[in-house]
Amino acid sequence: MQPYKTILVGLDASQAAQFAFKKAVNFAQAAAGQLVLAHVIEASAQADVPQAVIAQAQLEENHAFQTKLAAYRQQALAAGVEQVKILIMRGTARELLKKQPTDLILIGQTTQTALDRFMLGSFATAVVRDANCDVLVVKNH
60 MQPYKTILVG LDASQAAQFA FKKAVNFAQA AAGQLVLAHV IEASAQADVP
110 QAVIAQAQLE ENHAFQTKLA AYRQQALAAG VEQVKILIMR GTARELLKKQ
160 PTDLILIGQT TQTALDRFML GSFATAVVRD ANCDVLVVKN H
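In the working numbering, the protein residues as written are 60 to 200.
Calculated from the structure, these hints are not laboratory results.
We treat Cβ as the ideally placed atom computed from N, Cα and C, and that holds for glycine.
Wrong hints could be hidden among the right ones.
Claimed, not checked - Cut-off 20 Å, straight-line C-alpha distance, at most; resulting in silico cross-link-like pairs (PhoX-like, lysine-lysine):
| no. | residue 1 | residue 2 |
| --- | --- | --- |
| 1 | LYS158 | LYS144 |
| 2 | LYS81 | LYS198 |
| 3 | LYS127 | LYS64 |
| 4 | LYS144 | LYS127 |
| 5 | LYS144 | LYS82 |
Said to hold, decoys possible - Label pairs and their calculated CB-CB ranges:
| no. | residue 1 | residue 2 | range |
| --- | --- | --- | --- |
| 6 | VAL112 | GLN74 | 24 to 30 Å |
| 7 | LEU146 | LYS198 | 32 to 38 Å |
| 8 | PRO62 | GLN159 | 14 to 20 Å |
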């Protein structure tokens with residue numbers, strides 16, 4: 060079995076993402092691999108919201124996650140991970156997986172109701188379904 064050389068962790072504002080980040084750092088340390096800190100800004104499909112409002116919200120989310128991922132990057136570097144990349148993109152999980160080759164993906168398990176999954180879709184489900192590599196879904200503990 061080959062070690063994981065490129066480890067991608069999907070990050071959002073959830074506590075589950077923090078747990079996934081910690082595990083991703085451990086994998087990157089063990090493999091002396093590259094850690095990719097990723098956040099996807101998904102397009103909003105709300106027809107009743109003006110496009111300018113959506114664009115402003117996406118811009119604010121991008122700025123907030125630049126700051127958040129920079130802090131995660133500093134933590135990873137301080138823990139001894141030498142190669143840490145930040146990737147923030149607009150699109151979908153599928154587009155992220157096509158853009159960033161990786162050996163292992165870590166994502167936090169969020170608690171969504173069945174209605175949430177039906178209405179919004181599940182990012183974790185999309186990643187597990189579309190990934191061409193191993194995926195680790197990290198629980199909140």
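Here is what the structure says about each hint:
1. LYS158 with LYS144: Roughly 13 Å between the alpha carbons, so the hint for LYS158 and LYS144 holds.
2. LYS81 with LYS198: 12 Å, holds
3. LYS127 with LYS64: With a Cα-Cα distance of about 24 Å, the restraint between LYS127 and LYS64 is violated, given a limit of 20 Å.
4. LYS144 with LYS127: Measuring from Cα to Cα gives roughly 13 Å; hence the hint holds.
5. LYS144 with LYS82: Distance ~16 Å between LYS144 and LYS82 Cα, so the pair holds.
6. VAL112 with GLN74: 24 to 30 Å: 28 Å, holds
7. LEU146 with LYS198: 32 to 38 Å: At 24 Å between Cβs, range violated.
8. PRO62 with GLN159: 14 to 20 Å: Given range 14 to 20 Å: holds, Cβ gap about 18 Å.
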